[in-house]
Amino acid sequence: MSTPVLKLVAQRIAMGILLLLAVSVLIFAGTQILPGDVAQSILGQSATPQALENLRRDMGLNDPAYIRYLHWLGGILTGDLGTALSSGQDIASSLKGRLWNTLFLAFWAAIVSIPLAIGLGLLAVRYRNGFVDKLISGLGLASTSLPEFFTGYLLIYFVAVRLQWFPSVSTVYEGMPLGERLSAIALPVTVLTLVVLAHMMRMTRAAILNVMQSAYVETAELKGLSPLQIITRHAFPNAIAPIVNVVMLNLAFLVVGVVVVEVIFVYPGMGQYLVDHVAKRDVPVVQACGLIFAAVYVSLNIIADIVAIVSNPRLRHPK
Amino acid sequence: MVKAPLKDKTGLLLDIRNLRIEATSYPPGEPPRNIIIVDDVSVKLERGKVLGLIGESGAGKSTIGLSSMGYGRGGVRITGGEVLLNGRDILKGGAKILRQIRGREVCYVAQSAAAAFNPARKLMDQVIEAALLHKICTKAEAEKRAVGLFKKLGLPNPETFGQRFPHQVSGGQLQRAMTAMALCSEPDLIVFDEPTTALDVTTQIDVLASIKDAIRDTNVAALYITHDLAVVAQVADDILVLRHGKQVEYGDTQQIIKAPRQAYTKQLVSVHHIPHEQKSPADKPILSVRNITAAYGGGLVKVLKNVSVDIHLGQTLAVVGESGSGKSTLARVITGLLPPMEGAITFEGRTLSARLANRTRDDLRELQMIYQMADTAMNPRQTVGTIIGRPLEFYFGMGGKERDKRVAELLEKMEMGKNFAGCYPAELSGGQKQRVCIARALAAKPKLIICDEVTSALDPLVADGILKLLLNLQKDENVAYLFITHDLATVKSISDSIAVMYRGEVVRYGPKSDVLKPPFDDYTDLLLSSVPEMELGWLETAMKTRRMASAGN
Chain P
1 MSTPVLKLVA QRIAMGILLL LAVSVLIFAG TQILPGDVAQ SILGQSATPQ ALENLRRDMG
61 LNDPAYIRYL HWLGGILTGD LGTALSSGQD IASSLKGRLW NTLFLAFWAA IVSIPLAIGL
121 GLLAVRYRNG FVDKLISGLG LASTSLPEFF TGYLLIYFVA VRLQWFPSVS TVYEGMPLGE
181 RLSAIALPVT VLTLVVLAHM MRMTRAAILN VMQSAYVETA ELKGLSPLQI ITRHAFPNAI
241 APIVNVVMLN LAFLVVGVVV VEVIFVYPGM GQYLVDHVAK RDVPVVQACG LIFAAVYVSL
301 NIIADIVAIV SNPRLRHPK
Chain W
1 MVKAPLKDKT GLLLDIRNLR IEATSYPPGE PPRNIIIVDD VSVKLERGKV LGLIGESGAG
61 KSTIGLSSMG YGRGGVRITG GEVLLNGRDI LKGGAKILRQ IRGREVCYVA QSAAAAFNPA
121 RKLMDQVIEA ALLHKICTKA EAEKRAVGLF KKLGLPNPET FGQRFPHQVS GGQLQRAMTA
181 MALCSEPDLI VFDEPTTALD VTTQIDVLAS IKDAIRDTNV AALYITHDLA VVAQVADDIL
241 VLRHGKQVEY GDTQQIIKAP RQAYTKQLVS VHHIPHEQKS PADKPILSVR NITAAYGGGL
301 VKVLKNVSVD IHLGQTLAVV GESGSGKSTL ARVITGLLPP MEGAITFEGR TLSARLANRT
361 RDDLRELQMI YQMADTAMNP RQTVGTIIGR PLEFYFGMGG KERDKRVAEL LEKMEMGKNF
421 AGCYPAELSG GQKQRVCIAR ALAAKPKLII CDEVTSALDP LVADGILKLL LNLQKDENVA
481 YLFITHDLAT VKSISDSIAV MYRGEVVRYG PKSDVLKPPF DDYTDLLLSS VPEMELGWLE
541 TAMKTRRMAS AGN
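Protein chains in written order, with UniProt numbering: chain P, 1 to 319; chain W, 1 to 553.
Source of the hints: derived by calculation from the structure; they are not laboratory data. Even glycine gets a Cβ: it sits at the ideal position worked out from N, Cα and C. It is possible that some hints are incorrect.
To spell it out: a stretch of chain P is covered by chain W in this simulated footprint if at least three of its residues, at any positions, have a beta carbon under 8 Å from a beta carbon of chain W; those stretches are [to be verified]: (1) 210-221; (2) 234-243; (3) 311-317.
Derived Cβ-Cβ restraints for the label pairs, each shown as a range [stated by the list, open to error]: (4) F131(P) with L300(W): 52 to 60 Å; (5) G171(W) with Q11(P): 26 to 34 Å; (6) S57(W) with F149(P): 56 to 64 Å; (7) N129(P) with D362(W): 50 to 58 Å; (8) L182(P) with G298(W): 55 to 63 Å; (9) Y296(W) with L182(P): 56 to 64 Å; (10) T545(W) with Q11(P): 50 to 58 Å; (11) Y26(W) with L182(P): 51 to 59 Å.
If you want the ones that stay clear, here's a sample from chain P, every Cβ over 10 Å from chain W, calculated [claimed, not checked]: (12) G30; (13) E53; (14) I67; (15) H71; (16) V161.
With the hints as constraints, model all of the structure from the sequences given.
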């Protein structure tokens with residue numbers, strides 16, 4: 001690993017941290033603009049002004065905004081996300097299990113969808129403009145165009161109710177064996193895969209086709225390589241950066257955008273938790289979820305940038 | 001398929017009979033039509049022999065070369081004739097047979113090795129790929145062979161050269177590496193497609209010499225494609241002259257260059273003989289560059305060091321040197337695109353502002369530029385009339401009929417005819433595009449035109465036409481040229497004075513007759529001795545007698 005690469009990577013990470021700080025300011029400011037205050041919400045309409053005042057002082061609500069922001073940020077950095085208003089529970093401990101569940105679901109959806117998307121993209125390039133290419137593209141676009149709640153219910157009806165292969169409600173609990181857990185999430189994973197597949201596949205196809213115009217692809221062809229060898233050995237390595245970019249965007253969607261799918265399958269993840277607390281106007285929980293989603297998004301994009309930097313031979317092996 | 005049993009040193013290797021190649025063209029606004037790229041061309045090549053294919057662009061020489069591998073670039077179709085390689089017709093076998101031939105019996109060396117190597121993979125992996133693919137030898141043997149070829153082709157550190165990535169070595173080295181790649185699978189035939197055209201003149205001679213040695217020592221047969229007759233004369237046993245996809249003349253090298261029979265071949269042989277009387281400098285130069293030092297990256301990389309030259313009205317100063325010598329940077333400084341760190345430029349007695357933004361409109365008008373790539377120097381969405389009319393509007397406030405009349409006059413001067421005013425750049429040939437750019441520069445009625453490699457991208461005969469036109473215009477308009485080029489033949493034909501640049505410095509400067517008169521400094525000697533001459537055995541003599549090894553190695 002050479003110095004220019006290290007420098008660029010360090011720059012990207014520093015940028016990501018700055019970005020997250022900016023996001024945290026926005027999230028904090030956003031909740032400040034909302035009407036009503038936390039003390040009022042906790043004590044309810046019938047609270048006496050004295051009680052409100054006492055609680056405000058205890059919670060530090062009379063401090064200036066920047067002090068409260070720093071307190072909040074300090075808490076987050078030490079793992080304290082605050083207390084949920086509706087239940088009075090510690091947010092961090094109730095989030096932990098759910099975040100893990102969401103990541104578990106996203107992980108398996110990624111394991112299925114990324115190789116499938118790239119593989120189909122490669123196949124589409126191999127048979128470009130032919131029947132296979134059009135079939136892959138058509139099916140991919142169709143699956144993306146259908147909203148996930150629709151495909152979700154469709155799968156529930158056919159696979160869960162009629163065929164009874166997998167459960168329609170994805171209940172998971174602590175200490176559940178892996179096999180059962182996987183069976184429980186099979187349907188949501190399928191829905192998520194169908195949603196993200198086409199985007200990644202089309203981008204893979206476009207990125208590789210772009211590289212296929214290069215003179216070195218002709219060189220490979222004139223060496224006698226078969227079309228598939230040309231694509232995998234010569235075109236794909238040069239198309240990694242754009243492909244990783246779109247893969248990471250979709251991974252971020254798998255974590256951040258699972259709200260609807262989790263609700264459909266009643267899956268105890270972050271999305272379900274977020275939706276529940278939005279309904280109860282529980283601001284600290286929404287703040288915490290927002291920040292975690294932002295962190296996932298920013299770090300996945302940093303990873304994409306780092307892969308792009310590292311996969312560039314000019315940066316990796318300077319003159 | 002087994003490799004053809006004939007492996008003796010003689011006998012017919014390649015026999016192309018009545019080849020016909022077509023493509024479909026899609027002209028804008030018209031129905032697609034079939035065009036014939038190669039028409040009834042026959043080629044015979046014996047083992048170990050070199051055949052030169054020569055002609056201007058569009059002559060079909062690359063297409064014929066690639067047909068020996070059964071390959072049609074950009075959708076061209078082989079529609080007639082036979083290509084017999086090692087005694088069998090390769091066009092009849094289908095894709096699988098072709099894959100067995102490519103990289104094993106026939107290998108290809110491209111014009112731009114820089115683009116033809118995969119940037120993401122090490123050179124060694126790419127050099128031995130075909131040998132491994134066709135199971136010619138084991139990986140260890142192939143690598144050993146590759147190292148031997150790197151050594152033979154004069155590459156630095158042959159043992160570790162293969163561990164580098166394409167961007168880590170120079171253009172000349174990549175071209176040799178590509179030759180090594182072609183030789184690695186010990187093919188019967190190599191197709192060299194303009195392998196030295198993209199290189200500097202001083203590098204070209206080295207690469208040419210190593211290709212020639214490699215061909216001799218490995219006894220491989222070759223098709224050598226180029227537009228430069230002097231280059232092909234150094235390596236080929238026979239030469240086939242092509243034009244518009246048809247055979248013009250076919251003969252041995254000696255006969256083609258010494259006793260050409262066809263008019264077109266005679267033209268090719270006599271290219272670069274433009275009569276030009278050298279003018280002596282006037283008392284006062286029109287443009288004077290004084291002690292210019294310029295750098296990129298905030299003074300980090302000095303590209304020009306203490307450069308001083310004068311240009312006189314109605315005369316041509318040629319600035320010569322290889323890539324990286326700073327000649328284009330000099331143009332950027334004069335035009336104000338790159339303010340120098342030190343030094344001044346005076347134009348007609350007044351000192352020009354260093355920055356483009358501070359120059360008056362007259363300063364801009366009197367100093368025009370023409371570029372190497374006429375393609376990219378014009379807006380593809382504007383018509384020729386708009387392109388040439390723009391300086392007329394901008395500098396002289398012309399409009400309507402007056403402007404159209406002047407555009408027509410300028411086109412007339414370019415020997416193009418006023419009908420071209422309605423055309424778009426894409427409808428013009430390379431030479432015509434460059435003429436439009438000249439007309440645009442001339443429209444501003446400049447006193448000095450900077451010509452940056454304006455003929456480098458053109459075929460020799462077309463380039464000659466452009467040079468003649470520039471000289472005529474100089475006579476009529478009394479305009480001065482700063483002519484930047486790496487081509488010494490051009491310099492000899494058109495310049496009045498010459499500045500030789502090497503690594504940012506002017507190493508030799510003066511009237512043409514003085515600069516081209518011995519004794520030479522080492523660099524000028526290298527430059528001059530590197531220009532291919534249409535003589536058999538020139539290459540060997542030049543390699544023996546030159547005093548300094550070329551850069552880029």
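Now for the hints, and whether the structure bears them out:
With a cut-off of 8 Å between beta carbons, the segment 210-221 of chain P has 7 residues touching chain W; three or more are needed, and the interface restraint holds. Under a criterion of three residues with beta carbons nearer than 8 Å to beta carbons of chain W, the stated coverage of the segment 234-243 of chain P is upheld, 3 such residues being counted. With a threshold of 8 Å between beta carbons, the proposed coverage of the segment 311-317 of chain P by chain W holds, since 4 of its residues qualify and at least three are required. Roughly 56 Å separates the CB atoms of F131(P) and L300(W), a value that falls within the hinted 52 to 60 Å.
A C-beta distance of roughly 31 Å is found between G171(W) and Q11(P), which places it inside the suggested range of 26 to 34 Å. Between S57(W) and F149(P) the beta carbon distance is about 59 Å. The supplied range of 56 to 64 Å therefore holds. About 56 Å separates the C-beta atoms of N129(P) and D362(W), a value consistent with the hinted range of 50 to 58 Å. For the pair L182(P) and G298(W), the supplied restraint of 55 to 63 Å holds, since their beta-carbon distance comes to about 59 Å.
A beta carbon spacing of about 58 Å between Y296(W) and L182(P) agrees with the range 56 to 64 Å that was offered as a hint. A hinted range of 50 to 58 Å holds for the C-beta pair T545(W) and Q11(P), which are about 53 Å apart. The beta-carbon spacing between Y26(W) and L182(P), approximately 53 Å, falls within the hinted interval of 51 to 59 Å. Listed as a non-interface residue, G30(P) keeps its Cβ farther than 10 Å from every Cβ of chain W; the least gap is roughly 43 Å.
For E53(P), the requirement that its beta carbon stay farther than 10 Å from each beta carbon of chain W is met, with the minimum near 61 Å. Against the 10 Å criterion, I67(P) stays outside the reach of chain W, whose nearest CB is about 44 Å from its own CB. The non-interface label for H71(P) is consistent with chain W: the shortest C-beta to C-beta separation is roughly 45 Å, beyond 10 Å. The Cβ of V161(P) lies farther than 10 Å from every Cβ of chain W, with a closest approach of about 49 Å, so its non-interface assignment holds.
Of the numbered hints listed earlier, not one is contradicted by the structure.
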